[in-house]
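Undergrad: Make a model of the complete structure from these sequences and hints.
Just so you know, the protein sequences line up as chains A and B, in that order.
Residue 21 in the numbering used here sits at position 21 of the first sequence, and the numbers go up by one each step.
Residue 1228 in the numbering used here sits at position 228 of the second sequence, and the numbers go up by one each step.
Check before you lean on any hint, since a few could be wrong.
[To be verified] Computed far set for chain A versus chain B, every beta-carbon distance over 10 Å: (1) Leu10; (2) Pro12; (3) Val46; (4) Lys47; (5) Asp50; (6) Lys51; (7) Lys54; (8) Asp57; (9) Lys58; (10) Gln60; (11) Gly64; (12) Ile65.
[Stated by the list, open to error] Straight-line C-alpha distance at most 25 Å; calculated SDA-like pairs for lysine to any residue: (13) A:Lys75 with B:Asn1363; (14) A:Lys75 with B:Thr1078; (15) A:Lys54 with B:Asn1371; (16) A:Lys30 with B:Val1013; (17) A:Lys54 with A:Gly64; (18) B:Lys1336 with B:Tyr1012; (19) B:Lys1068 with A:Gln45; (20) A:Lys17 with B:Lys1336; (21) B:Lys1355 with A:Glu76; (22) A:Lys67 with B:Glu1402; (23) B:Lys1195 with A:Gln45.
[What the hints assert, rightly or not] Computed list of chain B residues with no C-beta within reach of chain A, every gap over 12 Å: (24) Ser1026; (25) Ser1032; (26) His1035; (27) Ile1052; (28) Val1059; (29) Leu1070; (30) Gly1081; (31) Pro1091; (32) Ile1095; (33) Ile1160; (34) Ser1174; (35) Tyr1250; (36) Leu1314; (37) Ile1328; (38) Glu1396.
What the hints contain is simulated information worked out from the structure, not anything from laboratory work.
Glycine included, each C-beta is placed from N, C-alpha and C at the ideal position.
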Amino acid sequence: MINAYILINLEPGNTDKIIEEMRKIEDIAKISVVAGEYDVVVRAQVKSLDKLLKVTDKIQMIPGISKTTTQVIEKEITS
Amino acid sequence: MRIKIRKRYLFYVLAFSSAIIAAIASGIDSISQIHITDPWALGVACFVLGVIVSLIFAVILSIKIKDKTLGAKTVDPTFRGIRLITKKELPYHIIAGFGNAILTIGYFLLLSIMGGDVSVVLPFSQVVILYLVIIESFNDKDTPTLVEIQSAIIITFGAILGSIGLKGSIDLISLAIVFLVINPGWVLFSIYQRKLKMMKIKDYPNDAINIRLWNVIFACISTAVIVLVYDILNNSSHLIAGLIASVQNYFWVALIAVFTFFNFIFYIRALGIGKASVTQAVKASIIVFSIPVSIILGFFGIISPLSTDPVTILLKVMGTTLIMLGIISYALTLTKAYVFIKMKPGFTIEDTMKKLWAIKGVNRVTAVAGNYDYILKIRTRTLIKGYERILLKVQEIPGIKEYKWQSVLKEWEDI
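TA: Written as structure tokens, this is what we have:
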């Protein structure tokens, strides 16, 4: 299983609609609307890098997304 | 296709569902006490039939429809079928089962000492919320904040006020049983069930149905042993009476077992999302939900009708208001954030991750490939605490070149 964070910048004005679209994407485990340099942080959980590419593709196809930055998780400690 | 929802909503839905089902189960409990007057025997019968009922439901819920089990489609999405426990789970199940057994036995002891009227001392079992807050402050990575302690105290006193009876008396022995037997039993029961729920079994999340099934089995064994020892020491025969009662009065006891099964499935699922203390606090809303159950039972003459004494009504209103206020203040004060970190070269991942993980309030440390080197997930009750206890500590770690704090405003999760 490959996990990744996708950091997203949005064009102003359509956040609710964009989130609605993202909630329908199958391999997304978590969507956080954040305040700071990025607007949304998405956690994707996929079986292969190929699938990760498809998820980022689907996100980029949503109107109102201006930039995505993908960070593939190499190691994790969690409670 | 599953759609992502807000985790906080699911937590409250699960905890409130558990409280509602538990309120109905306690109503049936009152009816059963008419049929089985020996409280020890009732306890044994509850566990014996609890095992049978849980096993039947676990088997039914294991039936596969297309690629998923019936249980996964209805009560717990992580359920993949009934299974044996793993070696890793065994000690946790023994402790949680023992906790369940001693809290139940403590309750029976109380019943036998107080001649059935436990309405004055039993409300003090709500103090378990405070026990959990204290224990979590030692165990978890998140020290309780003033808001958490305040909410816990408000809910605890609310629950005591809301459920206290004005008849009967308080003596030291009965209070000692509540504080030294029942409450520690609850602590073991809830903390170890939470640990089980957080476990991964063969890379999959542990499910509530198997946890509940095995908890009842271990609690049944522990109870049988404890009651047997008590019988031998006192020359009594509660164990045999319990076994006979489980056959003679199977209907009401099995009905309790059915409701208790689903009550704990939702409770264990809630434990997998929130802290044990917060889950327990939300579950204290049982006091509110048990009011309509008491009215119905009173209407049918099964228990004495609800008191119209203004002092009792005032206490109940004050208690329920405090519970609700406490729960709301818990819900509104959790803050989450991400911290994105860039490192200078020359510092090992292992060492830095360990140092980041050691900071209280850090919920997740992730080493990533991309623009950043680490992403932290933070949970804190206040932004001040986030700054003083987390950000200042992050800055002290050698090798950190740059960090960015991103507060989470709203979150959806696939659960």
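Undergrad: Would you mind marking each hint as holding or not holding in the structure?
TA: Verification of the supplied hints:
1. Leu10: holds (13 Å)
2. Pro12: holds (15 Å)
3. Val46: holds (13 Å)
4. Lys47: Holds, because the least Cβ-Cβ distance between Lys47 of chain A and chain B comes to about 13 Å, which exceeds 10 Å.
5. Asp50: The assertion about Asp50 of chain A holds, with a minimum of 17 Å to chain B.
6. Lys51: holds (15 Å)
7. Lys54: holds (15 Å)
8. Asp57: holds (17 Å)
9. Lys58: Non-interface label on Lys58 of chain A holds, nearest chain B Cβ at 13 Å vs cutoff 10 Å.
10. Gln60: holds (16 Å)
11. Gly64: holds (17 Å)
12. Ile65: Its Cβ never comes within 10 Å of chain B, the nearest being 17 Å, so this holds.
13. A:Lys75 with B:Asn1363: holds (14 Å)
14. A:Lys75 with B:Thr1078: At roughly 24 Å apart (the allowed maximum being 25 Å), Thr1078 of chain B and Lys75 of chain A satisfy the hint.
15. A:Lys54 with B:Asn1371: OK: Lys54 of chain A and Asn1371 of chain B at ~20 Å, within 25 Å.
16. A:Lys30 with B:Val1013: At roughly 19 Å apart (the allowed maximum being 25 Å), Val1013 of chain B and Lys30 of chain A satisfy the hint.
17. A:Lys54 with A:Gly64: Cα-Cα ~18 Å, so holds.
18. B:Lys1336 with B:Tyr1012: Measuring from Cα to Cα gives roughly 18 Å; hence the hint holds.
19. B:Lys1068 with A:Gln45: Holds - the C-alpha atoms of Gln45 of chain A and Lys1068 of chain B are around 20 Å apart, at most 25 Å.
20. A:Lys17 with B:Lys1336: Cα-Cα ~23 Å, so holds.
21. B:Lys1355 with A:Glu76: holds (13 Å)
22. A:Lys67 with B:Glu1402: OK: Lys67 of chain A and Glu1402 of chain B at ~21 Å, within 25 Å.
23. B:Lys1195 with A:Gln45: holds (24 Å)
24. Ser1026: holds (33 Å)
25. Ser1032: holds (40 Å)
26. His1035: holds (45 Å)
27. Ile1052: Answer for Ile1052 of chain B: holds, closest chain A Cβ roughly 36 Å.
28. Val1059: Label holds. Min Cβ-Cβ 30 Å, cutoff 12 Å.
29. Leu1070: holds (23 Å)
30. Gly1081: The assertion about Gly1081 of chain B holds, with a minimum of 21 Å to chain A.
31. Pro1091: The claim holds: Pro1091 of chain B sits with its nearest Cβ about 19 Å from chain A, beyond 12 Å.
32. Ile1095: holds (19 Å)
33. Ile1160: holds (31 Å)
34. Ser1174: holds (38 Å)
35. Tyr1250: The claim holds: Tyr1250 of chain B sits with its nearest Cβ about 43 Å from chain A, beyond 12 Å.
36. Leu1314: holds (42 Å)
37. Ile1328: Non-interface label on Ile1328 of chain B holds, nearest chain A Cβ at 22 Å vs cutoff 12 Å.
38. Glu1396: Holds, because the least Cβ-Cβ distance between Glu1396 of chain B and chain A comes to about 19 Å, which exceeds 12 Å.
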